[in-house]
Amino acid sequence: MRFSQFYAPTLKEAPSDSDLISYEYLVRGGFIRKVAAGIFTYLPMGNRVIQKITKIVREEMDNAGCLEMLMPIAQPASIWKQSGRWEDYGPEMMKIEDRHHRHFTLGPTHEEMVTVTVKNELVSYKDLPKNLYQINTKYRDEIRPRFGLLRAREFIMKDAYSFHADEQGLDETYNIMYKAYERILERMGLDYMAVEADSGAIGGSNTHEFVILAANGESPLFHCPDCGYKATDERAEYRIAYNYADEELKEIEQVATPDQKTIEDISEFLKVEKQKIVKSLIFKGRDGFILALIRGDLEINIAKLRAFAADQTLELAQPADVMAEFGTPIGFIGPVGLKKEGLRIVADHSVKGLKNFVTGAMKTDTHYLNTNLERDFTVDGFEDIKMVAAGDPCPNCSGKLEETRGIEMGQVFKLGKKYSESLDAKFAAENGDKLPFYMGCYGWGVSRSVSGIVEQLHDDNGILWPMSCAPFEAIITVIKPTDEDQMKHAEAIYRLMNEAGIEVILDDRNSSAGSKFKDADLIGIPLRVTVGKGIKKGLVEMKLRNESERHDVDISEGYTTLIEQLKKAKEEYDPRKRK
RNA sequence: CAGGGCGUAGUUCAGUUGGUAGAACGCAUGCUUCGGGAGUAUGAGGUCGGGAGUUCAAGUCUCCCCGCCCUGACCA
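Quick note: the first sequence, position 168, residue 600 per this note's numbering, numbers continuous.
Hints listed in this document are in silico derivations from the structure and should not be mistaken for laboratory results.
Check the hints yourself; a few may be wrong.
Stated by the list, open to error - With a straight-line cut-off of 25 Å between C-alpha atoms, the simulated PhoX-like cross-links for lysine-lysine are:
| no. | residue 1 | residue 2 |
| --- | --- | --- |
| 1 | K693 | K703 |
| 2 | K975 | K444 |
| 3 | K513 | K866 |
| 4 | K912 | K950 |
| 5 | K999 | K1011 |
| 6 | K950 | K444 |
| 7 | K682 | K708 |
| 8 | K772 | K795 |
| 9 | K466 | K444 |
| 10 | K950 | K1009 |
| 11 | K466 | K950 |
| 12 | K849 | K558 |
Let the hints inform the model, and build the full structure from the sequences given.
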């Protein structure tokens, strides 16, 4: 490929809507252009990266025994209603209506579709297991798309779905896929962690996220440096051990707390430490309201609460809702004397054993002092609904959890029978019984990977693609393309590199040397050969993107040495190592 | 969805109390250049997001709409 014939419009300045370094470099490097919020065009350079990533993912899936297929993006609403997710997924689904007023969704995921597909045709235990995948465009109407390709509304994803006769079969495939994901990340040459995660609206029990480490990552992660425990913030657990001093129960007492709504306010106003306040939050779900109680200095983890309530629609109730339903403004809600049909009260473990604490009094501008469990109110149960924080004790050993950040690239789930049961997808077992499949599903963010890689591998001048994902492995920069001698050598080197299996772009543009160097760095091409005035002395220059030094290679006796050096550099290149 | 901000040349932005639409970069052409985003001259490029209103006069003031960006369980 000749650069003069390629289409890679690079920009000197950052786009005004840039909110993340990877987005800035991808736009400036001519990889992508934004069309609308969370919707992008991949220009030729970006598409080449997508193809590289796709190739890696496809090869690893094929090696893992997955069969590639292609399902429609437009899916009938009926199958989503049948699984119950038309509501659960709700506003995040892009919905369309055809001319006959039939409803469709632009698929945010394909569990329903794949299950319906195999339902009547994968019918015997002899056909199992099967693992089917596709690489396709997905739609999720995010509340707020941002961070370029990291949180897009239209994106490319690899999704695989496995079907099994029993749990053991599922476990085996889960492990195979887990290893395949590790290989994908190794081939991409990225630093990553596989962490325990929350399964969210996809459903299911066991799940791991594959997260690459990046300072600007969206997902907080917790890990234990002592035993290696790793989990996402939503999933992370900790060793629950609250030891409260035994105090005498004091008389409950109402106090006026005008306009003191937050824990912060109350703590200062009443001169009570936050640990002696119990925070009461009302959540609204499909089965009504839940009052969640937690110690004032701690945070509630809504994912844990949702998992406990088995209700993914659970949200913090709107202040107006709380006022209408409970007659008390938020800020003064509390468990004492709170009675309501269908209301469940769940307390975090941090509340158990706490004595003489402050709560809202279910009355505007009023709180209770010296509230006590059992004596003043009861709860329906104690659960772990706390958001883990750095420094919390590790659940598995005596270490302390540390926080780091990352970007989720893929996730593997054990779905179990959730979809096969709700969609009535069954196979005939050996004894003739009709049983629902055990299922697994395995997602990989292909377009997100593009951004993720850049987020981990960049410097002040631009991107440093790993060799396996680079749009071109090498660039030949011709300083003065109008110089016949320079062009002659450059073209000879170009031919030999192609023959040696190195994907190379020949920068024959008639622009200044500086601008060609800047573009090569911004685009992030791993290897560079510069053909310039040194050619008069039989010298060309070689430079790696991850090294600041460049060195001359003598070609007066032929190109063999140069090509050998390039082949070696291609094998050994690692953009994580900078010199 | 709520709150806030911004929409002016391909890009990044300026535009004063309302009075002929600007710069830099980019683009085109010529010359000089050519090793880290060259110099010079000339030139093309705008429904000032859209609509309505106020006014002799609107990029500028008012209202409505659209789009984009930021923040948002805020701790009850």
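So, going through the hints one by one against the coordinates:
1. K693 <-> K703: Judged against 25 Å, a Cα distance of about 14 Å means the pair holds.
2. K975 <-> K444: Given pair K975, K444 holds - Cα atoms ~22 Å apart, limit 25 Å.
3. K513 <-> K866: Given pair K513, K866 holds - Cα atoms ~23 Å apart, limit 25 Å.
4. K912 <-> K950: holds (16 Å)
5. K999 <-> K1011: holds (19 Å)
6. K950 <-> K444: holds (9 Å)
7. K682 <-> K708: Holds, at about 13 Å.
8. K772 <-> K795: holds (15 Å)
9. K466 <-> K444: holds (17 Å)
10. K950 <-> K1009: holds (21 Å)
11. K466 <-> K950: holds (23 Å)
12. K849 <-> K558: holds (19 Å)
Of the numbered hints stated above, none is contradicted by the structure.
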